[in-house]
Amino acid sequence: MKTRAARSVASMSLICIVLAACSSTEHRLVDEIVTSWREQRSLPNIDETLTIDSAYRVQTRSVRERLHGASPAGFKAGLTSAPAQARFKTNDAVAGVLFKEGALQSAGTVSLHDMRGLFIEVEVAMRIGTPIDKPLADVAALRTHIDGIGPAIELPNLDYTQPQSLDAIDVVATNVAAAKYIVGEFAPPQQRDPNATDVRLVCNDKEMLTGKGTDALGDQWRAALFLVNKMVEQGWTLQRGQILLTGSLGRMLPGTTGHCVASYHAGQTQWAQLEINVTD
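Mature numbering (1 follows the signal peptide of the UniProt record, and there is no 0) puts the sequence shown at residues -20 to -1, 1 to 260.
Please note: incorrect hints may appear among the correct ones.
Estimated spans, in silico, between C-beta atoms of each pair [claimed, not checked]:
(1) V119 x E165: 36 to 46 Å
(2) I32 x D185: 36 to 46 Å
(3) R8 x D185: 43 to 53 Å
(4) T5 x Q171: 44 to 54 Å
(5) E255 x A121: 15 to 25 Å
(6) Q250 x T5: 43 to 53 Å
Calculated directly from the structure, the hints in this document are not laboratory data.
Backbone N, C-alpha and C fix where the C-beta goes; we use that ideal spot for every residue, glycine too.
Please model the complete structure; the sequences and the hints are all you need to start from.
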């Protein structure tokens, strides 16, 4: 009996040591990430011992510290295509938080000096009409909470100390490189089918990419459902007026200087156009 008790105590002690080490690692990473945001440094690559679950804990703690009690502008999905997932060594999409200070107007300007890891993504945005504070069972349940569909350009900043070794855990812990974004006017879902959207990005009068709504996990509503449930799982309540960016259509385009125009079509009809200027 004494031997069993001793083994039990030893096992509990080992668990406590491991948990304390994990907590210490997560706390250190939170400090590094928040400092990188505040001082506009390159983001750190993440300790290889982290799991995807602990990476989300680091993300949530970092974001809440940056927000200082304020509400997010919304939430974003990433790695919503097979090529993007392969690039970051995962089989799953990821999710992060959008900050209000990241919002730009169409035809706004970003600088490669400030955003050294700039990428341009053409996306669809959804707007929350009624709060969501628990996981949703299916797309039908999600639809009752969405009151608008709109165009969006996301401008993530993949500025990392070791960009060549990035994986999904790095991306998740550092809030999916969320930086700037542009959202256009919304229309009710009854009037605008996000899956029927075709997009085209032209930079400096040259076509750079095309895409369609179903590029995001094969279905815009499926991508949004993943995003909502993942963020609720992390302890967020989605509020009326917050936006969801459901993932890149086409591919991620590295940012270069010039003028880019994203156009959105339903069949032969253009329903939106957004612009972004990129300077040195």
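Going through the hints against the structure:
1. V119 and E165 have their C-beta atoms about 24 Å apart, which leaves the hinted 36 to 46 Å range violated.
2. Checked against the given bound of 36 to 46 Å, the beta carbons of I32 and D185, roughly 41 Å apart, stay inside it.
3. Under the hint 43 to 53 Å, the C-beta atoms of R8 and D185, about 47 Å apart, fit the expected range.
4. A hinted range of 44 to 54 Å holds for the C-beta pair T5 and Q171, which are about 48 Å apart.
5. Between E255 and A121 the Cβ separation comes to about 35 Å, which falls outside the hinted range of 15 to 25 Å.
6. The beta-carbon spacing between Q250 and T5, approximately 49 Å, falls within the hinted interval of 43 to 53 Å.
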